[in-house]
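Q: This is what each chain is made of:
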Amino acid sequence: MHVAIRFAARVIILVGFIVVGQTAYAEEKLIIAAAADLKFALDEIVVSFKRTHPAAQIEIIYGSSGKFSTQIRQGAPYDMYFSADIAYPRALESEGYAASKVQPYAVGRIVLWSQSRDAGMLTLAELAEPSIRKIAIANPRHTPYGKRAEEALRAAGVWEKIESKLVYGENVAQTAQFVESGNAQVGIIALSLALGPGLAKLGGFMLIPDRLHQPLEQCYIITRRAAANQQAHEFAVYIASKEARAIMARYGFALPGEVE
Amino acid sequence: MDISFSEADLSAIWLTVKLATVVTLVLLLIGTPIAWWLARTRSWWKGPVGAVVALPIVLPPTVIGFYLLMAMGPDGPLGWITQSLGLGLLSFTFAGLVVASVFYSLPFVVQPLQNAFENIPERMLETAATLRASALDSFFSVVLPLSKPGLLTATVLGFAHTVGEFGVVLMIGGNIPDRTRVVSVQIYDHVEAMEYAHAHWLSAAMVLFAFVVLLVLYTFNPTGKRK
Numbered sequence: 054m055h056v057a058i059r060f061a062a063r064v065i066i067l068v069g070f071i072v073v074g075q076t077a078y079a080e081e082k083l084i085i086a087a088a089a090d091l092k093f094a095l096d097e098i099v100v101s102f103k104r105t106h107p108a109a110q111i112e113i114i115y116g117s118s119g120k121f122s123t124q125i126r127q128g129a130p131y132d133m134y135f136s137a138d139i140a141y142p143r144a145l146e147s148e149g150y151a152a153s154k155v156q157p158y159a160v161g162r163i164v165l166w167s168q169s170r171d172a173g174m175l176t177l178a179e180l181a182e183p184s185i186r187k188i189a190i191a192n193p194r195h196t197p198y199g200k201r202a203e204e205a206l207r208a209a210g211v212w213e214k215i216e217s218k219l220v221y222g223e224n225v226a227q228t229a230q231f232v233e234s235g236n237a238q239v240g241i242i243a244l245s246l247a248l249g250p251g252l253a254k255l256g257g258f259m260l261i262p263d264r265l266h267q268p269l270e271q272c273y274i275i276t277r278r279a280a281a282n283q284q285a286h287e288f289a290v291y292i293a294s295k296e297a298r299a300i301m302a303r304y305g306f307a308l309p310g311e312v313e
Numbered sequence: 514m515d516i517s518f519s520e521a522d523l524s525a526i527w528l529t530v531k532l533a534t535v536v537t538l539v540l541l542l543i544g545t546p547i548a549w550w551l552a553r554t555r556s557w558w559k560g561p562v563g564a565v566v567a568l569p570i571v572l573p574p575t576v577i578g579f580y581l582l583m584a585m586g587p588d589g590p591l592g593w594i595t596q597s598l599g600l601g602l603l604s605f606t607f608a609g610l611v612v613a614s615v616f617y618s619l620p621f622v623v624q625p626l627q628n629a630f631e632n633i634p635e636r637m638l639e640t641a642a643t644l645r646a647s648a649l650d651s652f653f654s655v656v657l658p659l660s661k662p663g664l665l666t667a668t669v670l671g672f673a674h675t676v677g678e679f680g681v682v683l684m685i686g687g688n689i690p691d692r693t694r695v696v697s698v699q700i701y702d703h704v705e706a707m708e709y710a711h712a713h714w715l716s717a718a719m720v721l722f723a724f725v726v727l728l729v730l731y732t733f734n735p736t737g738k739r740k
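These protein sequences, in sequence, are chains A and B.
Each residue of the first sequence is one higher than the one before, starting from 54 at the first, in my numbering.
Each residue of the second sequence is one higher than the one before, starting from 514 at the first, in my numbering.
Any given hint could be a false lead.
What the hints assert, rightly or not - Example chain A residues on the side facing chain B (calculated, C-beta under 8 Å, incomplete):
#	residue
1	S117
2	K120
3	H195
4	F231
5	G235
6	N236
What the hints contain is simulated information worked out from the structure, not anything from laboratory work.
Small disclaimer: the values here were computed from a predicted structure and weren't measured.
C-beta: ideal position from N, C-alpha, C; glycine also.
Use the sequences and the hints to build the structure in full.
A: Quick look at the structure:
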């Protein structure tokens with residue numbers, strides 16, 4: 054019995070060390086929650102940021118903007134939040150979850166993309182053709198890219214004709230993956246992903262005219278928990294730098310201050 | 514709260530019940546011979562086959578979802594078969610979810626059946642054989658009646674585990690209303706869209722369902738020592 058208790062105590066101490074160690078480790082980092090369309094651009098910006106800030110420890114989690122805004126309300130440990138729209142960060146700011154203003158950093162574009170054919174030759178109207186059996190878009194209920202895709206399809210007058218062929222990705226990256234694996238013949242994804250390493254080699258894309266949808270004005274905030282986080286503020290400054298903007302531009306983003 | 518199930522919620526519930534029913538029936542059909550073979554064989558293959566059946570218990574749903582998506586795609590083996598049969602692709606279809614769930618829930622049906630079959634004394638089968646019962650005959654008149662608790666456990670767990678599926682469906686389903694948007698995915702969407710009231714209703718229904726299922730299982734199938 055005595056031995057058992059001592060053994061149990063040791064196990065508890067060990068578990069405690071692991072848990073505490075894990076938490077402390079997380080504290081020193083800048084953790085960024087970012088919309089999935091930023092996958093390649095933001096990765097590159099971080100690499101470039103580290104050249105001037107070699108001690109920086111940055112971790113980026115990519116996913117759907119809607120999910121992240123929900124998680125931040127529930128106390129998720131994100132120091133910065135890069136949304137694919139302006140509405141989510143604005144709502145967070147008005148509810149007191151932001152330690153910065155809502156800052157625009159890019160304007161996104163949507164494209165029609167296919168792995169198996171040259172989507173550059175496609176029009177939105179041709180999506181109704183029977184040879185196209187599945188069309189992937191991001192979920193319009195909680196992803197900005199999905200909302201814009203739906204608006205464009207409606208504006209082009211094809212939504213009713215193709216609604217039964219739509220499959221919905223959890224975020225715009227999963228949408229791209231549905232198309233890349235050939236399970237959907239075409240998809241509407243972010244231009245920034247179509248220009249990314251992997252996808253640019255395959256198929257082709259057609260830029261969807263931005264008069265067909267609301268602008269994808271993308272904004273970030275520093276979250277309340279990171280108000281005193283030096284790295285977050287340094288990174289925010291860097292996002293507005295010439296280097297970072299050049300990377301954004303290379304992935305097809307229009308830049309704030311340069312449009313209209 | 515005056516919000517209750519929306520039409521989309523009801524459609525998700527109905528779809529989930531349909532999926533779990535079809536999957537359970539298919540699993541009982543293919544799981545029974547597998548379990549019987551595993552229970553009786555002395556073959557060297559027993560280990561490897563048992564391990565393959567149990568794989569979904571250990572593998573993360575993401576692994577299963579990823580490989581199934583690749584396999585069902587136009588370049589994958591499953592996709593190649595379904596396309597040459599003129600059926601198109603399985604991904605994003607109800608049939609695709611059935612195939613995925615059958616694999617995913619297989620161990621939850623095979624293992625209780627296997628345990629039940631293993632507990633049937635060899636001499637009862639020998640007795641049946643001396644009474645000139647064919648193998649199939651004795652299976653239906655001796656083995657199955659003796660395996661009732663195992664059958665109940667297998668049926669309930671197969672059904673319940675399919676209802677509880679999420680990761681695999683998210684990866685190969687494509688979230689299509691009435692076809693692949695099951696309850697677990699619908700709840701996820703509600704939460705992402707910050708429709709917490711809706712999420713609460715569906716989630717509470719799932720908790721109730723899970724409790725009732727387990728209650729039925731433990732009440733009618735006490736896990737005491739049985740002769």
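Q: Return the numbers of the hints above that this structure violates; sort them in rising order.
A: Of the numbered hints, all hold.
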